[in-house]
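There are 4 protein chains.
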Amino acid sequence: MALKKKKNEKKLPIRKVAILTSGGDAPGMNSAIRAIVKAAMWKGLEPYLVYEGYKGLTEGNIKPASNVNVDRFINQGGTFIYSARYPEFKDEKVRLKAKKQLDKMGIEALIVIGGDGSYHGAQLLHTIGVRTIGLPGTIDNDISSSDYTIGFFSALETIVQNVDRIRDTSRSHHRCMIVEVMGRFAGDLATHSGIATGAELIITSEKKYSIKEIIDIVDQQMNKNKKESMIIVVAEHLYDNLDKIAKEIEQKTNVVTRSIVLSQVQRGGAPTGFERYVATQMGTYAIELLCENKSGLAIGFVRNQLVAEPILEALTKPRPKYLEITEKYSKINQE
Amino acid sequence: MALKKKKNEKKLPIRKVAILTSGGDAPGMNSAIRAIVKAAMWKGLEPYLVYEGYKGLTEGNIKPASNVNVDRFINQGGTFIYSARYPEFKDEKVRLKAKKQLDKMGIEALIVIGGDGSYHGAQLLHTIGVRTIGLPGTIDNDISSSDYTIGFFSALETIVQNVDRIRDTSRSHHRCMIVEVMGRFAGDLATHSGIATGAELIITSEKKYSIKEIIDIVDQQMNKNKKESMIIVVAEHLYDNLDKIAKEIEQKTNVVTRSIVLSQVQRGGAPTGFERYVATQMGTYAIELLCENKSGLAIGFVRNQLVAEPILEALTKPRPKYLEITEKYSKINQE
Amino acid sequence: MALKKKKNEKKLPIRKVAILTSGGDAPGMNSAIRAIVKAAMWKGLEPYLVYEGYKGLTEGNIKPASNVNVDRFINQGGTFIYSARYPEFKDEKVRLKAKKQLDKMGIEALIVIGGDGSYHGAQLLHTIGVRTIGLPGTIDNDISSSDYTIGFFSALETIVQNVDRIRDTSRSHHRCMIVEVMGRFAGDLATHSGIATGAELIITSEKKYSIKEIIDIVDQQMNKNKKESMIIVVAEHLYDNLDKIAKEIEQKTNVVTRSIVLSQVQRGGAPTGFERYVATQMGTYAIELLCENKSGLAIGFVRNQLVAEPILEALTKPRPKYLEITEKYSKINQE
Amino acid sequence: MALKKKKNEKKLPIRKVAILTSGGDAPGMNSAIRAIVKAAMWKGLEPYLVYEGYKGLTEGNIKPASNVNVDRFINQGGTFIYSARYPEFKDEKVRLKAKKQLDKMGIEALIVIGGDGSYHGAQLLHTIGVRTIGLPGTIDNDISSSDYTIGFFSALETIVQNVDRIRDTSRSHHRCMIVEVMGRFAGDLATHSGIATGAELIITSEKKYSIKEIIDIVDQQMNKNKKESMIIVVAEHLYDNLDKIAKEIEQKTNVVTRSIVLSQVQRGGAPTGFERYVATQMGTYAIELLCENKSGLAIGFVRNQLVAEPILEALTKPRPKYLEITEKYSKINQE
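Protein chains in written order, with numbering that gives the first Met the number 0: chain A, 0 to 334; chain B, 0 to 334; chain C, 0 to 334; chain D, 0 to 334.
By construction, these hints were calculated from the structure, which means they are not laboratory data.
Incorrect hints may have been included.
If several chains are the same, the list does not tell them apart, and a pair holds so long as it fits within one copy or across any two.
[What the hints assert, rightly or not] Heads up, simulated DSSO-like pairs for lysine-lysine below, C-alpha to C-alpha not over 27 Å straight-line:
| no. | residue 1 | residue 2 |
| --- | --- | --- |
| 1 | K206 | K293 |
| 2 | K96 | K225 |
| 3 | K327 | K251 |
| 4 | K207 | K92 |
| 5 | K211 | K98 |
| 6 | K10 | K96 |
| 7 | K15 | K92 |
| 8 | K320 | K99 |
| 9 | K223 | K320 |
| 10 | K225 | K251 |
| 11 | K293 | K103 |
Model, not experiment: these values are computed from the prediction.
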């Protein structure tokens with residue numbers, strides 16, 4: 000992947016572009032990095048990789064992408080350029096130091112893949128003269144400027160595969176299984192996975208069921224309606240101790256009940272094909288925007304199309320409400 | 000799943016609804032059937048299953064869904080109510096006989112899951128008084144009234160998983176691999192899978208490359224640019240004998256070249272979680288439309304939202320063009 | 000699958016055979032049931048299904064297998080004839096009642112798929128005149144009469160897939176991840192999955208590391224040796240509160256550490272092909288043994304061959320020791 | 000993974016060891032390479048990677064493994080050190096040149112992962128003074144000194160996953176599907192996958208069915224016995240044109256019949272956990288044997304245990320016969 004002199008090179012507003020990932024890792028981040036590197040070369044830009052997120056940026060952990068076989072990462076989970084927490088980046092002096100690292104290497108633009116916090120960093124760099132583009136990268140799908148974020152599709156599949164397994168045991172033993180899924184404070188993963196797996200109860204922060212309400216539903220399903228199995232999908236951060244709740248359900252209903260916290264298995268894993276399709280296009284679009292002299296924009300996949308809007312706006316949009324469909328499908332799945 | 004008397008039952012415009020699948024099987028058909036059966040019961044309707052598509056309909060192969068454990072099929076490939084070719088349905092007398100079968104059982108509405116041909120049948124039944132709703136079910140994604148059809152997402156994953164495997168061998172041996180994927184006359188599967196797998200050349204019917212052109216690209220990639228590997232994704236129905244083309248490429252470039260026709264592995268398999276999410280909502284929406292006294296409509300998933308429009312319109316919309324992105328990503332992937 | 004009169008039928012020592020599953024469900028149980036049903040028919044026997052394990056047996060929940068499409072279950076997780084705990088079966092009166100249920104239907108033989116406890120039941124039935132054959136069915140691999148049990152191969156893959164995902168996140172963030180896997184009191188799943196995933200520390204009951212020892216290894220790996228990532232695989236029942244241990248490791252080493260209890264995802268899921276290969280042969284062999292007038296035997300897959308031995312002996316064999324290889328591979332993986 | 004001075008280093012018979020892969024790529028080769036590299040370092044040896052098989056060996060394409068992050072490859076398909084055909088290695092002058100390359104770098108030992116042909120090369124190097132160990136690496140399982148070869152388990156799963164998909168379509172449309180699987184001249188993949196998928200007919204080179212015989216079985220199954228579906232698994236190299244045979248079956252039986260050649264999808268893909276477990280142990284054992292001053296040995300996994308024997312003997316053992324079980328399971332699956 001040696002860099003070739005492209006005919007149109009002199010027309011480009013920038014010559015060098017760097018990429019970093021920030022926040023929790025998400026499947027498809029690597030697909031996006033690969034696409035950015037390759038689209039940059041296709042346009043005649045020199046791509047650089049920033050290792051360890053904003054921390055690495057500030058410390059100058061920046062290397063040319065040309066030495067890396069990025070194609071190998073198209074279907075790999077995680078982020079091969081690493082990610083790191085770095086609250087120090089809120090300090091302006093730190094950000095100026097980061098800018099200096101880029102200046103020193105002649106890098107005019109930075110593409111940031113991450114969530115809300117990462118977008119804030121990108122916006123602040125934009126205001127001090129670094130051209131920045133943000134890509135939504137998080138399994139939680141909680142960036143309101145995009146219908147879907149990089150990582151969401153794959154995390155959904157990971158959850159669904161595991162809930163399918165749990166369903167097998169629930170059925171074989173007529174047990175009730177409570178499964179806690181990620182999503183930070185957003186109900187997207189719970190709602191999508193609950194519908195996809197036919198969960199008899201889907202609980203998100205929009206309506207936190209009391210233990211009494213849950214017990215009544217379990218009793219109705221398993222004791223009165225004699226259902227073969229029952230799955231409850233719960234978004235994280237709602238109940239302190241699911242294990243204790245499971246025990247209480249079991250005591251009151253006599254239905255053997257177990258709780259499973261899917262936890263850290265949800266963030267890794269190979270990105271799905273559709274994830275890679277979306278991530279590749281987002282990454283390419285970031286390069287195209289920079290070549291059109293744009294900066295300070297967040298890319299989204301909205302109503303099935305690529306869009307870009309000011310990062311500040313991306314951060315303040317309302318998020319979709321799911322309560323109506325979680326209630327509806329909980330009821331349908333109880334039939 | 001015994002049928003319960005629902006309070007609102009008397010208000011409903013229909014009492015009984017049947018479901019059939021027609022055309023090639025597609026992952027997610029079973030998820031949609033399950034959703035229809037359960038949504039029907041939730042609304043207080045009696046669901047029936049028509050076995051073997053329009054053929055079974057005409058022959059009266061119709062049974063109550065209440066005896067089937069539909070939940071087991073939420074994640075199963077194929078269609079458990081079977082599908083069949085039945086050109087006889089173009090004959091009006093045959094259709095009248097089909098209608099009689101429904102009348103005899105008091106079934107007022109029919110939900111058809113399938114492709115273009117299936118939609119035609121549904122439209123014709125609608126004109127003779129059967130309330131019909133069409134759901135787009137085909138891996139080919141070639142129904143223009145929906146951005147995505149039931150089956151497309153899963154077939155995409157099946158292709159991508161297999162191309163990833165082929166990539167391993169291509170890399171290990173520096174071979175060129177030509178992979179033919181399905182899609183009938185639509186390039187959707189080729190385009191999406193080509194982008195998702197980083198295919199160095201994506202060929203659809205919008206631009207059929209000559210063998211000479213292909214050879215030049217292989218030579219450039221593998222001999223001049225010394226790339227590790229090369230994948231060419233080709234839509235079906237474009238070249239008569241890929242094996243012969245592979246041999247010609249090998250002769251002219253000295254790059255070992257193999258062709259693989261993915262063929263019938265693309266249509267089966269478990270539906271992905273996202274497929275199940277979409278199919279479940281489409282199926283439920285079909286029941287909701289019937290309960291709103293609608294008929295003759297085709298359901299779509301357009302710009303990320305459920306829509307319904309007259310079947311006749313669904314059949315005549317233009318399809319998206321992919322040439323621009325297949326060309327663009329072929330070039331980016333060649334970097 | 001209507002039962003055909005076979006020429007050799009009159010020679011058989013039995014005419015009817017029943018199957019039950021007992022204990023925790025395991026992938027491959029369904030493949031074994033299917034094989035038993037089909038092998039029975041091939042031999043000219045009438046197969047019956049006992050639903051809900053020994054409980055269903057005692058209550059007479061026994062139905063002809065000929066009405067079930069067993070082929071559909073060859074690749075399905077769980078057990079479609081259900082399993083149940085039933086300590087009452089230790090009572091001889093209960094067992095005599097169970098025998099009466101079989102006698103009433105003219106069923107002379109019973110094949111039991113399950114673990115230790117299930118084998119005890121089978122042995123006791125054997126002593127009161129029911130011909131019994133035991134098949135090792137448990138993900139834990141803790142039946143010493145077989146190198147591998149039905150379910151072990153598939154559970155291993157489920158664990159490995161999930162640990163691979165966890166590795167992605169461990170790498171992306173340089174975190175230490177502690178993963179608790181099943182196995183009851185056997186270290187087989189921990190050892191196999193730890194080696195397969197390159198775990199830097201594998202802990203089974205053969206050597207329970209102190210928290211201090213674990214902290215030292217984490218510190219060596221992540222702080223002194225600057226490794227990219229670290230996975231600790233721990234067998235269940237060893238530590239009370241992994242979450243607390245993770246926090247302590249983090250405090251002492253400054254390495255972000257998380258614990259994940261894979262829990263109930265390990266028991267369900269589609270059986271692997273190899274599992275199905277083994278389970279199918281075990282099931283078939285059970286029928287062949289009954290046709291040879293054998294009873295009271297446990298089937299094993301030992302040194303890559305099918306074997307059968309008296310159930311009593313199966314229950315008392317020593318189990319393999321893993322300490323040497325868990326220690327060795329922990330060290331190799333720390334390189 | 001910097002090389003550390005180990006206390007016991009001076010006692011070792013060798014100091015440097017190289018690894019190469021040869022022949023068709025197979026899942027698990029990378030896991031074995033990783034294990035060899037890490038086990039070498041654990042023992043205090045310096046590991047080297049030979050790129051491009053015997054060709055690279057002869058040309059001196061040999062690099063220290065210490066610069067490669069081998070852990071990343073534990074679950075990757077293919078071989079990251081590449082493989083190549085190199086018939087020139089039959090020439091003694093070429094082999095002497097290869098030995099010189101090793102001598103020049105002070106490398107005393109070579110571990111070869113591959114099939115029959117690769118073993119021959121290893122044996123010949125052994126005779127001219129290079130210490131060699133052979134590991135069985137091929138999906139075909141056709142190395143008689145090992146019950147299972149590296150790659151076989153994973154290829155089996157790839158086939159089974161794809162045949163399961165094909166089964167869905169076969170069922171949905173009552174079609175007969177002929178699936179050709181790899182195995183060179185060995186029936187192992189056909190036999191194992193045929194049993195695992197319940198194929199109604201399994202054909203290997205031990206008994207090539209005539210088209211007439213196949214037609215009779217299809218007619219019996221689909222027309223007379225009214226089976227839902229039918230799968231025929233055929234080993235490669237038996238029939239010239241399966242497509243033509245499918246057409247003939249369809250003409251004679253009126254059962255829609257399709258043929259699928261799984262082809263190159265079978266060789267790539269992530270190794271299964273069990274594959275990685277076996278490959279890791281084989282790789283480690285190779286290092287242990289070299290440290291015990293052994294050479295000219297082939298490693299096997301026989302009756303569930305690691306063994307080593309002279310390469311020459313490995314090449315001449317008889318292979319297992321499958322005819323009895325392919326016939327038996329074809330019949331059982333036809334029930």
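Cross-check of the supplied hints:
For the identical chains of this complex, K206 and K293 are neighbours neither inside a copy (41 Å) nor across copies (32 Å), given an alpha-carbon limit of 27 Å. For the identical chains of this complex, K96 and K225 are inter-copy neighbours only, at 26 Å across copies versus 65 Å inside a copy, given an alpha-carbon limit of 27 Å. In this assembly of identical chains, K327 and K251 lie within 27 Å of each other by CA distance solely inside one copy; the values are 26 Å within and 48 Å between copies. When the C-alpha separation of K207 and K92 is checked against a cutoff of 27 Å, the pair qualifies neither within a copy, at 43 Å, nor between copies, at 48 Å.
Proximity of K211 and K98 under a CA criterion of 27 Å is satisfied in neither setting, with 55 Å inside one chain copy and 43 Å between copies. Taking identical chains as interchangeable, the C-alpha atoms of K10 and K96 are never at most 27 Å apart, the minima being 29 Å within one chain and 52 Å between chains. In this homomeric assembly, K15 and K92 come within 27 Å of each other (Cα to Cα) only inside a single copy, at 24 Å, whereas the closest approach across copies is 50 Å. For a Cα distance limit of 27 Å, the shortest separation of K320 from K99 qualifies neither inside one copy, at 42 Å, nor across copies, at 44 Å.
Taking the shortest alpha-carbon separations for K223 and K320, neither the intra-copy value of 32 Å nor the inter-copy value of 48 Å comes in at or below 27 Å. For the homomeric pair K225 and K251, the shortest alpha-carbon distance inside one copy (16 Å) is at most 27 Å, but the shortest distance between copies (49 Å) is not. For the identical chains of this complex, K293 and K103 are intra-copy neighbours only, at 22 Å inside a copy versus 56 Å across copies, given an alpha-carbon limit of 27 Å.
The structure shown violates the earlier hints numbered 1, 4, 5, 6, 8 and 9.
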